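Trainee: Listed here are the chains, written in short residue letters.
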Amino acid sequence: MDTAMLIEKSALVLLLFLISLGVAAYQTYFERKLAAWIQDRVGPDRAGPFGILQPIADGTKMFLKEDFIPAKADKWLFIIGPGISMFTALITSAVVPWGTNLNLFGRDISLQVADFNIGILFVFGVVSIGVYGIMIGGWASNNKYSLYGAIRASSQMISYELAMGISAITIVMLSGSLSLNDIVKSQHGMNWNIFYQPVAFFIFFITSLAELNRAPFDLPECESELIGGYHTEYSSMKLGLYLFSEYTSMFVSSAIMAILFFGGYNFPGMDAFSGNTLAILSIAAFALKIFLFIFVIMWIRWTIPRFRFDQLMHLGWKVLIPVAIVNMLITGLVVAWNQGWM
Amino acid sequence: MSLQMISVILGSLTIASALMVVLSKHPIRSVIYLVITFFFISAMYILMNAQFLAIVNMIVYAGAIMVLFLFVLMLLNLNKEMEPETSRLGLISALIAGGTLFLVMITALRDTFQYGKGYTALKTPESGLVENLGNLLFSKYLVPFEISSILFIAAMVGAVLLAKREKQVID
Numbered sequence: 000m001d002t003a004m005l006i007e008k009s010a011l012v013l014l015l016f017l018i019s020l021g022v023a024a025y026q027t028y029f030e031r032k033l034a035a036w037i038q039d040r041v042g043p044d045r046a047g048p049f050g051i052l053q054p055i056a057d058g059t060k061m062f063l064k065e066d067f068i069p070a071k072a073d074k075w076l077f078i079i080g081p082g083i084s085m086f087t088a089l090i091t092s093a094v095v096p097w098g099t100n101l102n103l104f105g106r107d108i109s110l111q112v113a114d115f116n117i118g119i120l121f122v123f124g125v126v127s128i129g130v131y132g133i134m135i136g137g138w139a140s141n142n143k144y145s146l147y148g149a150i151r152a153s154s155q156m157i158s159y160e161l162a163m164g165i166s167a168i169t170i171v172m173l174s175g176s177l178s179l180n181d182i183v184k185s186q187h188g189m190n191w192n193i194f195y196q197p198v199a200f201f202i203f204f205i206t207s208l209a210e211l212n213r214a215p216f217d218l219p220e221c222e223s224e225l226i227g228g229y230h231t232e233y234s235s236m237k238l239g240l241y242l243f244s245e246y247t248s249m250f251v252s253s254a255i256m257a258i259l260f261f262g263g264y265n266f267p268g269m270d271a272f273s274g275n276t277l278a279i280l281s282i283a284a285f286a287l288k289i290f291l292f293i294f295v296i297m298w299i300r301w302t303i304p305r306f307r308f309d310q311l312m313h314l315g316w317k318v319l320i321p322v323a324i325v326n327m328l329i330t331g332l333v334v335a336w337n338q339g340w341m
Numbered sequence: 000m001s002l003q004m005i006s007v008i009l010g011s012l013t014i015a016s017a018l019m020v021v022l023s024k025h026p027i028r029s030v031i032y033l034v035i036t037f038f039f040i041s042a043m044y045i046l047m048n049a050q051f052l053a054i055v056n057m058i059v060y061a062g063a064i065m066v067l068f069l070f071v072l073m074l075l076n077l078n079k080e081m082e083p084e085t086s087r088l089g090l091i092s093a094l095i096a097g098g099t100l101f102l103v104m105i106t107a108l109r110d111t112f113q114y115g116k117g118y119t120a121l122k123t124p125e126s127g128l129v130e131n132l133g134n135l136l137f138s139k140y141l142v143p144f145e146i147s148s149i150l151f152i153a154a155m156v157g158a159v160l161l162a163k164r165e166k167q168v169i170d
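The listed protein sequences derive, respectively, from chains D and R.
Quick note, in numbering that gives the first Met the number 0, the first sequence goes up one by one and the last residue is 341.
Quick note, in numbering that gives the first Met the number 0, the second sequence goes up one by one and the last residue is 170.
To be clear, the hints were calculated from the coordinates, so they are not data collected in a lab.
Wrong hints could be hidden among the right ones.
[As the list claims (entries may be wrong)] For lysine-lysine, the following DSS-like pairs were computed, each having C-alpha atoms within a straight-line distance of at most 27 Å: (1) D/K74 with R/K24; (2) D/K143 with R/K139; (3) R/K163 with D/K317.
Quick caveat, the model's predicted, so the values are computed rather than measured.
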């Protein structure tokens, strides 16, 4: 690995870090404005024009609040919990291809930090360890509501991971690769996977909502039953990190959904452009898709009421997993037929 | 830093966290140290260029099985008074079982010394990549692979049968 590559990758990592945090901050603003719009209110409008400085005010408030650790809490685990949540939310962006190669200073720069040949499995690995942040934080708080939140989160995430994985396998079958880069490249132009796998997309979208702990699956922080769920005892920036990690994962999982089903950075008519124009347009197309997904996720939150826990388990195990398996079998048969194996 | 150095550091970290699993007093902390141990083992796999194995180890062991461990331990309220009395017979049998396992591990270790001490690069660095692994699993090792998957299904059916209550009536 040469020095220039090291520098460009580090710059990309730093840039992604800042962008993820910035997007997460402005998602909170966007969510509040959207909620206000849906409920026919004005929303935050005091800090700056149209309340545009609201996220900065919120962040400052979070930092300045008293940082409180309960006396009977497991101190180290209590501190580590939010950190794990934030870490897992941020690290997934390492395998996301953000656009076609950019040409800067005579070098071809790939807009993907790490091109694993198993990128999609890396995403699932991170998703599966993401539950630790909530579990450890909830347990370490030494509060029964927090513990209930943690237990709900873990059982929910384990149940929905299965359907999520099975629905994503169909995409791997179609593109013949586990690398996110190859998956995006196989959807060149308008040849998006959503036209071949609408059922898989539907399952993946629902399970993503559950993995994100977003409404209608936000049972781990169900305020009408559990006060604040797993972060009941948290205050100051530790609480801030939990809330922030939710928005960061929302951003990243929107990106993953766009990659798997909506062609990632591909857009119709992309063959007419080349070089840096194509790179910038592809980034813009990708950003637009991510924005639309974030919008839909927020729209759902303010539209659909929360599931009951037994309904959640019923939906996960008895509806989504069987449908995903049947979908996978049909895809397998069609792929085998097309390849001439049958 | 050479690969040799990295493998030594990783190895000692793995052993240290594995020891902490046994030595830490609180079961929840033990589980967390076990998760950390799995991460170090995954790192070892990556060092040997077996990316697929590393990620699967992370998804299956660190991500799923350990979450279930943690889940069960959080529900059990473990403290000193509830600790069951261990009989002498149980102690001796545990000692014998543990000692036998240790012996097996020592024998497995014996072979590694023929290849020289410490880290040695694989003869074919690509052998751990998913394409090669898939080709091997579905050609040379097809029968063992399928038999082990049947074993998994049998275990799953057994678990469901155990968990199922007799004549559950839901109205």
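Trainee: Given the hint that R/K163 pairs with D/K317, test it: the Cα-Cα distance must not exceed 27 Å.
Mentor: holds (15 Å)
Trainee: Is it true that the CA of D/K143 sits at most 27 Å from the CA of R/K139?
Mentor: violated (52 Å)
Trainee: Could you grab the alpha-carbon distance between D/K74 and R/K24 and see if it respects the 27 Å cut-off?
Mentor: With a Cα-Cα distance of about 16 Å, the restraint between D/K74 and R/K24 holds, given a limit of 27 Å.
Going down the numbered hints, you'll see the structure goes against just number 2.
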